[in-house]
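**Student:** All residue numbers for the sequence shown refer to our numbering, where the first residue is 8 and numbers rise by one.
Since the hints were derived computationally from the structure, they do not count as laboratory data.
Any given hint could turn out to be false.
[Unchecked claim] DSS-like mimics (lysine-lysine), calculated; alpha carbons at most 30 Å apart, straight line:
1. K76 x K93
2. K108 x K76
3. K108 x K93
4. K119 x K93
5. K76 x K119
6. K132 x K108
7. K119 x K132
8. K108 x K119
9. K140 x K101
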Amino acid sequence: MKKLMVYLSLLSLVLIGCGGTKSDDPEALDNALVAFTSCVQGARWQEALEYVTPDEADEIGTSDGYEFKEEYMLAARRLPLSVLRKQGLEVDGKGRLVGIKAAMDEANERNKMSADQAKVGTNLKQMEDERIKRRIEQGQKILQEEEAAANQEQEEIVFSNKLTDEEKRKYGSTRDLQAPEELSETDEAVREAQEAFDGGAVGGEDEE
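The task is simple: from the sequences and hints, build the whole structure.
**Tutor:** Here's what the structure looks like:
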């Protein structure tokens, strides 16, 4: 009886040792990868953890062991079978994957770097858009200033054409000055009548 107990104890130790020993069996590795990938695609997370060594399963899975942690769910979905086969993974003596956590960590890091690069690209585009916007605004400001200056100059020209106080007393009008040849017939008649009146007044004084 004692010999049997000793034999069983030795056998259990051997099995435990074999379970923790890595295997380079390509077929066992491929079977584990196929099974793991199939479980991930079907969202059978608890079953997928069975194809991972206990230590890595504890880090990958949630505390209740029913699901993957969110970051590892995303990473597992990003790793198709063709990629996993190139990751240099191994299996232990029980055909469970060794190194799958490191592969998923690397996938998450690559995704983070891609996101950061995309963000930088977006920021550069925003900076370029803002630069173009500033140039357009500066151009519009220059045009507005030039237009305002032109309007001011036009106002000064119009103002300079207005009658002076002396001209107002002489012509009795505040309209714009006109060249002599542009006077209307009415204006000409008024001028002639004024001259005739002035001439008559002078003649009357001489007769006296």
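**Student:** Does each hint hold? Answer for all of them.
**Tutor:** Cross-check of the supplied hints:
1. K76 x K93: It holds: about 24 Å lies between the C-alpha atoms, which stays within 30 Å.
2. K108 x K76: holds (11 Å)
3. K108 x K93: Holds - the C-alpha atoms of K93 and K108 are around 15 Å apart, at most 30 Å.
4. K119 x K93: With Cα atoms ~21 Å apart, K119 and K93 stay inside 30 Å; holds.
5. K76 x K119: Holds: K76 and K119 sit about 17 Å apart, inside 30 Å.
6. K132 x K108: violated (36 Å)
7. K119 x K132: Roughly 20 Å separates the two Cα atoms, so the pair holds.
8. K108 x K119: holds (16 Å)
9. K140 x K101: violated (64 Å)
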